[in-house]
Structure formats: structure tokens, C-alpha cells
Amino acid sequence: MSDLDAFRAEVRNWLEANCPPEMREPVRDEDDVCWGGRKFEFKNDAQKQWLERCVEKGYTVPDWPKPYGGAGLTPEQTKVLKQEMARINARPPLQSFGIWMLGPALLKFGTEEQKVHYLNQIARGEIRWCQGYSEPGSGSDLVSLQTYGDDQGDHWVVNGSKIWTSYADKADWIFCLVRTDKTNKYQGITFMLFDMESPGVSTKPILLISGNSPFCETFFDDVKVPKDQFVGEVNRGWDVAKYLLGHEREMISGGGAGGDMLSIGALFAKSLGRNEAGELDDPILRAEMAAFDTEVFAYRAMGERFMDMWKTGRAHPASSNMMKYVGTELNKRRYELVMAGGGSEALEWDSEETKGGARARSWLRTKANSIEGGTSEVMLNVIAKRILDLPGA
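Mapping to the working numbering: the sequence shown position 39 is 39, numbers consecutive.
Just so you know, the hints here were simulated from the structure itself, not pulled from any lab data.
Within a straight-line C-alpha distance of at most 25 Å, the following computed BS3-like cross-link-like pairs (lysine-lysine) qualify: (1) Lys367 / Lys204; (2) Lys311 / Lys66; (3) Lys355 / Lys332; (4) Lys57 / Lys79; (5) Lys182 / Lys224; (6) Lys39 / Lys57; (7) Lys224 / Lys185; (8) Lys66 / Lys115; (9) Lys79 / Lys311; (10) Lys242 / Lys182; (11) Lys108 / Lys57; (12) Lys108 / Lys82; (13) Lys108 / Lys227; (14) Lys66 / Lys82; (15) Lys242 / Lys108; (16) Lys170 / Lys204; (17) Lys79 / Lys108; (18) Lys115 / Lys227; (19) Lys43 / Lys57; (20) Lys185 / Lys242; (21) Lys385 / Lys311; (22) Lys182 / Lys227; (23) Lys170 / Lys355; (24) Lys242 / Lys311; (25) Lys170 / Lys43; (26) Lys170 / Lys39; (27) Lys311 / Lys57; (28) Lys367 / Lys170; (29) Lys224 / Lys115; (30) Lys224 / Lys170; (31) Lys48 / Lys170.
Work out the full structure: start from the sequences and follow the hints.
Given below as C-alpha cells:
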């Protein structure tokens, strides 16, 4: 037996002994998702138990070094762990912008003190982060941001606002781009970290077309930020921001793989009926869903290759743009087909039978996929210039 096979057997045994049955059921609503943080309330004992057991093992961030709360697994071992968790349909023990975005940035740019302090809190689910990037009026031109930090010697005084700040009203801390030099567009931004309960910080939810409100406006009025709460170098925050955006786009692109929805055609064959050959009875919808499933399987294979190359430092710097573009466009198409397969019932908005119009609300929510984290148009421009080497306009 190879070392990797032995590790797989070890993981399989550990999961069977430690993953509660309730944590192997599909996620039904937002309460089923564990975000952690000082404001988070566990839905049940099983959710809390699953997090605690994974924290103890380092499995909330398995590929992070052990001193920072991880398990110190190799890329190959991390892949095995994910495969074994998927095999039993185990829910992620912890969802976190700290894991997906800030953590990788701290691992690359943070001081040793910052890594030990913040990464362990993130890994244990003790701190929930939000992202302060986009600003009103800036659009896709992120570096035109105007939130300004005035140097007061031992601290900055920050004034300005951010928009589309996901879960800002629930977050404990924010990683935030702040202009600290008005004379240099790119080399005048600092990547700051500060508490959302700091005096002068306020949030206002933004109601979306889906009827939900994960996004907020965030306002800073004379917020004092200590001088040691920044990552990288002062006025060089754009370097950190660009690196973090790659991980954000990787996170968003994951929607294209469809999570635990293995085949959209198989899903709707159950509800729409099968013909004598056992196929989805509607031939036109069947062809569209089969074509879509084929693209998803190809995307998953591409994702496996991308992650292998990313973990070993061989991925093209713009690969995450390509993954983000394809993944978000696929997810939008997925929910178009979900709506088509659901018929008139999928348009229902409020009943218990449709879980409060879950299909319609999810479909409407996907419209933002090709905007958040960089629009599809921006992604295509980056792909054209940096991967295909096409000339600029």
C-alpha cells in the first residue's frame, strides 16, 4: 500500500468516526452553513461538534502549516481529504472569506506575528471577515478608490465608503483597501485590517432582486486604525490586493462545478418523467441538459488541473480569470436550465412547497455571478491580453 493509499484509509476511518450524520445531509438553507465568528450561533450540536473536531485535526484549512492552525497536508493529501469528504457528502466544517481570500494573502505577505495571530483565529472559526474593495462610482476600476487614510503618527484616520461588502453586517473584522497617498494611483494604496466594531464603522444592507440581502454599504467616519494593522508594505497594498483577487476568483469559479449536483439531467429526469429508454422525457430539454452536463464535467477536469498547477506554482497568473469566467457563466446557465426544468412551479415565490421560492431566488442571485469579483468582460480582456497575447485596442 502506498503512503497516499494509507492516508486515504486513515481519513476514511476518521470521517466515519467523527462526521455526524446530520453533517452528511445536503445544505438546505443559510442556517446550515457554518461561518464562525463571534456573532455566529450554531444551528445544532452536530454543526458545532463537526467544526470542533475538524479544528482539532486541522481540517478546516488542511493545507495550511500546523503552526497556523492547519494540518500541514501536501497538495496530494489535501485532494484525498476533499475526495473522501465528498464521498460521504460531508458539509464543509467552516465557510470563511478568511480561509478563501485573506488567509492566502497573509501566508504570502504577512509577518510571522500576523500569521500566528490571525490565521489561527481564522482556522478555529473565531473571526469572520468581510472584504472592503469596491466603492460607489468606481465600477471595475478598483484602483480609483477614494477611501482615504490620513496619517496621524501612530494611527490612520480612515474616511470613505465601500459597497457590495458581502456580510459586512455579520463580520467581525474587515480587510480593506485604503488610499494613503493621493499622488500615486497604484502605489498609494495600503491593505488594512480593522475591527468592524471600531467607532465610526457602520453598515447598511442592500436588498437584492432575489429578495435576500447578503451585500451591504459600509461607511467609515473618522475610524482610527493602528499603524501595525496593515499587510505587506504601506502604499503597496495593490500587490496584496491583486494576489487576493486571484483567490477570490478561484472561490467564485467553484460555482461552475455545481457542488453536489452531479448531473442536472439526472436530477430532472426524476421530476419530469422518463421515456421507455429511461431518459428524460422532453427531448429538447434532454439535449440541452446533456450538453450542459458534458461542459460541467470538462470544467471539473480543468479545475483539477488548475488546482494541481496552482498548488505547485506552475499555473499562469491569469488562470484564475479564465476559471472565474467559465465557472460563473456555467453557473448562470445551470440555473436557466433549473428554471426551464421546473416549469411554472419554479416561478413561485413564497410557498413552503418551493422552500420560499428557492429556485427563483437562486436563479436571480446568479445574475450577479458575472459581475462580482470582476465582470465577465474584464475577465475576457485579461484572458485576451495575458493568456492569448492578443494586441490591445
